Amino acid sequence: MMQPAAMSGQPYRRHIVGLPLQRSLFGQAARAATTIGLPGLTSEQEFPAQLDENGDLFLDRSQVAVLTEALRSWFTPETLEQMHATHATACHALVDATENAARVAASLESASARKLSENLANKMALVLAYGILSKFVPDLLLRALADAGDVEPPPFPEKSAGAELMQDTFGLYKACCALDYTPQRLHREWPRVSPKVFHLIREFCKRQTVFGPLAWDSPGYEDPDYVVRLLHSAFDDVDVEQVRRRLSFAKRPAVAASPAGMRTKVSALRRVLGFWLDFLERETWYVRRAFYVGMVPLLQQLAAGYLQKIPTLQPVDLLFLDIRELTTEINDPAMICKRRDRYMENTDYLSVRGVEPSRLITMMRNP
Amino acid sequence: MSAEKSAKIYSGLGAAPGRASGRAYVIRNAEDVMAVPAGSILVMRILHPHLAPLLPRVAGLVVEEGAILQHATTLARECGIPAAVGIRDARSLFHDGDLLDVDGYTGEVVARYLD
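These protein sequence lines are chains A and B, in that order. Everything in the first sequence is counted per my numbering, starting at 209 for the first residue and increasing by one. Everything in the second sequence is counted per my numbering, starting at 83 for the first residue and increasing by one.
For the record, the hints were derived by calculation from the structure and aren't laboratory data. These figures come from a predicted structure and were not determined experimentally. Just so it is clear, CB atoms sit at the ideal spot from N, CA and C, and this is done for glycine as well. It cannot be assumed that every hint is accurate.
[What the hints assert, rightly or not] Rough simulated footprint, nothing fancy, chain A against chain B, three-plus residues with beta-carbon under 8 Å:
#, segment
1, 108 to 114
2, 117 to 123
3, 145 to 151
Whole structure, please, built from the sequences with the hints as guidance.
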């Protein structure tokens with residue numbers, strides 16, 4: 209846990225996460241970060257971020273400075289390659305664990321569902337740790353490139369995750385228009401629309417469930433109502449030609465390749481930075497996807513198991529446990545009510561995140 | 083026609099090249115993203131990828147978070163939308179309807195206040 213001094217003062221960001229289950233992953237992120245193998249990050253106390261009970265994020269800038277300094281002198285082609293491999297493995301392992309949970313959740317006994325939840329949560333926590341590090345590591349890599357004499361533009365992704373989403377959304381808009389559903393009409397008549405349009409929206413939601421705000425309870429692309437409203441905001445009264453122009457996407461500047469087989473510090477820095485820049489666009493994608501695609505089916509399974517002991521328990525109640533409680537036992541069901549009341553009283557948070565009263569039930573439906 | 087009364091310059095970092103002018107639209111909560119006016123200058127804490135579909139309708143971006151390499155940079159560059167980042171407290175400094183000029187090369191934002 210972060211020292212009290214670091215938690216005092218102004219939060220770095222307010223109300224970023226409200227649900228106890230998601231909040232508890234940030235606590236795990238500090239532990240997970242120690243496994244990454246970075247200098248200056250060998251104990252939980254050295255992790256520079258912490259969430260408080262209100263879901264406010266505190267960043268210990270002195271610890272960021274210590275980490276920055278430790279990393280700067282640590283970069284070599286070998287350590288950069290190790291950093292890249294560990295990072296990529298963490299991301300791929302989370303995707304695999306998510307797919308696995310989605311595939312097997314419905315057939316699991318409670319004990320196995322708990323074990324799989326714990327495993328998935330650990331992988332989410334590790335990717336979250338990288339998410340915190342992404343607040344300063346990419347800039348540090350860029351400075352290291354400049355220090356090494358590199359004058360090329362940063363290695364931005366060829367097409368970012370956001371750009372892919374943008375194209376898919378524009379495709380949905382065009383498909384709906386072709387069926388005589390302008391954004392206005394869709395917005396006005398949803399969900400009483402033609403079966404074809406209904407199907408288009410549902411399929412889009414299934415494809416893009418992974419996109420949305422950091423807070424799981426804040427609506428995102430898993431929710432057809434959200435998608436219909438966003439389509440209206442994005443394409444109502446829009447200049448379609450301008451949209452097309454912007455969707456043609458600027459070409460990434462060409463960068464001179466390193467001599468074949470030559471592993472220089474500059475080429476290693478560029479490779480690692482390229483991965484971080486892509487990760488910046490996908491960090492929420494990884495974890496939100498893990499929740500909606502992998503964790504929700506596990507929670508439903510766990511809730512079904514708990515019903516024998518606690519007949520009044522609803523699947524949404526599990527969102528008010530922390531991950532340790534979720535993967536052991538519910539010893540005090542009344543505590544769930546207290547936490548839920550506290551969450552519902554935090555009207556600032558609910559308003560900023562767009563959480564309606566019925567939202568928790570909606571989010572626990574299988575995408 | 084209203085005369086320009088004053089202008090104030092705010093300095094940030096240029097994150098995506100180009101210049102744009104338009105009226106500010108400030109994103110303060112999740113609901114605000116559902117009514118983005120066409121041609122506006124979007125003012126926000128940070129641009130997350132899930133808001134990408136809104137970009138083709140806006141003229142420019144003003145972002146509070148300061149790093150050159152962040153979510154906003156990649157998306158804005160890809161779409162050719164001028165962006166200034168690191169304008170601290172932008173959501174307090176600017177109000178819906180304020181006239182803003184965004185310079186995505188220098189990171190400068192000029193707010194023009196009218197009578």
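Now for the hints, and whether the structure bears them out:
As drawn, the segment 108 to 114 of chain B meets chain A at 4 residues by the rule of a beta-carbon pair under 8 Å; at three or more, the given contact holds. Counting residues of the segment 117 to 123 of chain B whose C-beta lies closer than 8 Å to any C-beta of chain A gives 3; at least three are required, and the coverage claim holds. A stretch counts as covered by a chain when three or more of its residues have a beta carbon under 8 Å from one of that chain; for the segment 145 to 151 of chain B and chain A the count is 3, and the coverage holds.
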